[in-house]
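Student: The task is simple: from the sequences and hints, build the whole structure.
The listed protein sequences derive, respectively, from chains A and B.
Per our numbering, the first sequence runs over residues 840 to 1194.
Per our numbering, the second sequence runs over residues 418 to 677.
No lab work stands behind these hints: they were computed from the structure.
Every residue gets a Cβ at the ideal spot worked out from N, C-alpha and C, and that includes glycine.
Some clues are possibly wrong.
Dumping the calculated EDC-like pairs for lysine to aspartate or glutamate here, alpha-carbon to alpha-carbon at most 20 Å [stated by the list, open to error]:
{"id": "1", "chain 1": "A", "residue 1": "1116", "chain 2": "A", "residue 2": "1090"}
{"id": "2", "chain 1": "B", "residue 1": "440", "chain 2": "A", "residue 2": "1046"}
{"id": "3", "chain 1": "B", "residue 1": "430", "chain 2": "B", "residue 2": "445"}
{"id": "4", "chain 1": "B", "residue 1": "517", "chain 2": "A", "residue 2": "1046"}
{"id": "5", "chain 1": "A", "residue 1": "1032", "chain 2": "B", "residue 2": "474"}
{"id": "6", "chain 1": "B", "residue 1": "517", "chain 2": "A", "residue 2": "1044"}
{"id": "7", "chain 1": "A", "residue 1": "1031", "chain 2": "B", "residue 2": "516"}
{"id": "8", "chain 1": "B", "residue 1": "440", "chain 2": "A", "residue 2": "1044"}
{"id": "9", "chain 1": "A", "residue 1": "1031", "chain 2": "B", "residue 2": "474"}
{"id": "10", "chain 1": "A", "residue 1": "1032", "chain 2": "B", "residue 2": "516"}
Pairwise CB distance ranges, derived in the manner of DEER restraints [claimed, not checked]:
{"id": "11", "chain 1": "B", "residue 1": "651", "chain 2": "A", "residue 2": "1032", "range": "23 to 31 Å"}
{"id": "12", "chain 1": "B", "residue 1": "446", "chain 2": "A", "residue 2": "889", "range": "38 to 46 Å"}
{"id": "13", "chain 1": "B", "residue 1": "447", "chain 2": "A", "residue 2": "1026", "range": "46 to 54 Å"}
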Amino acid sequence: MEEYVLMKGNEAIAEAAIRAGTDGYFGYPITPQSEVLEYLTAARLHERTGMVVLQAESEVAAINMLYGGAGAGKKVLTTSSGPGISLMQEGISYMAGSELPCLIVNVVRGGPGLGTIQPAQSDYFQSTKGGGHGDYRLITLAPASVQEMADFVSLGFDLAFKYRNPVMILTDGALGQMMEKVKFKPQQPRSKKSPHWATTGKTPDRERIFITSLNLDPACQERFNIKLKAKYKEISEKEVRYEKIECDDADYLFVAYGTSSRICQKSIQLARNEGIKVGLFRPITLWPFPYKEIMEMTGQVKGMLSVEMSAGQMVEDVKLAVEAKVKVDHYGRMGGIVHSPEEIVKALKQKIIGG
Amino acid sequence: MAENAITTKELVKKENLVYQKTKLLTDDVMHYCPGCGHGTTHRLIAEIVEEMGIQSEIIGVAPVGCSVLMYNYMNFDMQEAAHGRAPAVATGIKRLLPEKYVFTYQGDGDLAAIGTGETIHACNRGENITMIFINNGIYGMTGGQMAPTTLIGMKSSTTPYGREVSLAGNPLNMTDLIVNLPGTYFVSRQSVHTPGNVRKAKKAIKKAFEYQSLNKGTCFVEVVSNCPAGWKMTPVESNKWLAENMLPFYPLGDLKVPEE
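Tutor: Written out as structure tokens, the structure is:
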């Protein structure tokens, strides 16, 4: 029986990756997530699973090492933060275009530019609306605890391989740095089997395999785009995940993910002490976004406040979801400042209840 | 006709066969321009893979550039990398499939401009991969723009009056640079502009694959090549120009050989 341990979110990702039977980690140091690489290089992996860990010369190189490893049919992982994730966008687009699975963790810090090393949620657009070039989607998971940081590693790999698509865990510097209790799954062995699409060497019993995202013939490219579109539709129908907290009697709703969703739980208590019945809708998958489930709440609540540590990004999806049936507004601190529960209640009163 | 001359009927008999297209090349019609060195170098790699009997153990990485479609011609597994990233892609493959042969095939823009960082670091880590570097001093695929290896005074569509150092900087001799890195095990510069050079190039490329199994570091072969279309010359003129202009700046020979 595995015991609870106390661990940083970043370390939990690293340990969970080993336990999930990850084959390779390629990454480049950046605050606030360098603990992942440090943990893995100290973990004496040759005595555990033989997982390959390599500090790349850049995030550009790291994501392309993932491309190679994923093309070889392996479970590959990288972690970074905003500026590094920006550098990876080309590679992510190529992986989506070549239908390669991988897991990418973005421990978000404030931006734009070099910004700050403090937590933020300002990379929502980058993760859910493309980031790289071309028509593709990135399955995006938003953990709200150290336990979910660990759990979403194996979930992320399952989704990546099921749909042959990159998956991102979009977390932030607070969840990466804070310590919490976490219970790990038992060690999974590394897979000895290769998927049928992987480049492992052409044996006489099969045709050669090449992995590419190039389609010079536009008709061919369009056929591929249509195939991708159908895949994304299937993911949208089957993989939406969310959590509802104190929503049964709610007149108002906070919509929040990650660190903000945890602060909102305290705000719910404060508001309810004042007689304001507010609940929390927490999207767990940011893409696919729970449009339908949020729409369903419009029959019950009078307004929604999208609480994010950004200038207002997810709020656009919340507005799309409710089709103007109820009032929707955004509240959030930025630049590495984390909003307080009291500030959120005040914003709910000003922007939604009184507004 | 001489008494002992072979008849056509005799000539096509199996026992009289002296050369045939390697089975490691597919029947796809190559898109390369007439006289281009890519086709020859592709054939050499395919022949070497066949001779070594490693079709089931090799994974190639194609670049972005004229040889982006290399995977159409090679009858073995390949991955097509983003522009310049082939050494990183190859690193990912080799680290996770260490028992396989992994190689990159890259042009000068890919390997020596946009992918300089990946090239230097893969070579410096001593990744146990083979890197084939086609240097024709020009961007062929995009229509003949200046490459990092374009010679001083050489005309291209972005140096229409010839490359001027004050404006466009110096040509980069990548192979001379990476030969100094401790991670490289075998470094050679060859060409395919004459039959003799084709044979020498094959020997060097074969060594670069054979040494890979020793796990002693990166094996790197530059192939100084031509671009008749980009250079606006006939194939014959381009080979002459290569010998007279490219080879003095990029001299042929082994730059680093393992101590026997």
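Student: Run the distance test for residue 1032 of chain A versus residue 516 of chain B: straight-line Cα separation, threshold 20 Å.
Tutor: holds, 15 Å
Student: Take a quick look at whether residue 1032 of chain A and residue 474 of chain B sit within 20 Å of each other, Cα to Cα.
Tutor: holds, 16 Å
Student: Quick one, are residue 440 of chain B and residue 1044 of chain A close enough, alpha carbons at most 20 Å?
Tutor: holds, 16 Å
Student: At the C-beta level, are residue 447 of chain B and residue 1026 of chain A separated by a distance inside 46 to 54 Å?
Tutor: holds, 49 Å
Student: Taking only the CA atoms, is the gap from residue 517 of chain B to residue 1046 of chain A under or equal to 20 Å?
Tutor: Since the Cα atoms of residue 517 of chain B and residue 1046 of chain A sit roughly 18 Å apart, the hinted pair holds (cutoff 20 Å).
Student: Given the hint that residue 430 of chain B pairs with residue 445 of chain B, does the C-alpha gap stay at or below 20 Å?
Tutor: violated, 26 Å
Student: Hint check: residue 440 of chain B vs residue 1046 of chain A, CA-CA at most 20 Å. Holds or violated?
Tutor: Holds, at about 13 Å.
Student: Check the hint pairing residue 517 of chain B with residue 1044 of chain A against an upper bound of 20 Å on the C-alpha distance.
Tutor: holds, 18 Å
Student: Are residue 446 of chain B and residue 889 of chain A spaced within 38 to 46 Å by their CB atoms?
Tutor: Given about 44 Å between the Cβ atoms, the range holds.
Student: Does the Cβ pair residue 651 of chain B, residue 1032 of chain A satisfy 23 to 31 Å?
Tutor: For residue 651 of chain B and residue 1032 of chain A the Cβ distance comes to about 53 Å; the hint is violated.
Student: For the pair we were handed, residue 1116 of chain A and residue 1090 of chain A, check the Cα-Cα distance against 20 Å.
Tutor: Within the cut-off at roughly 5 Å; holds.
Student: Take the C-alpha atoms of residue 1031 of chain A and residue 516 of chain B, compute the straight-line distance between them, and say whether it is at most 20 Å.
Tutor: holds, 14 Å
Of the numbered hints stated above, those contradicted by the structure are hints 3, 11, listed in ascending order.
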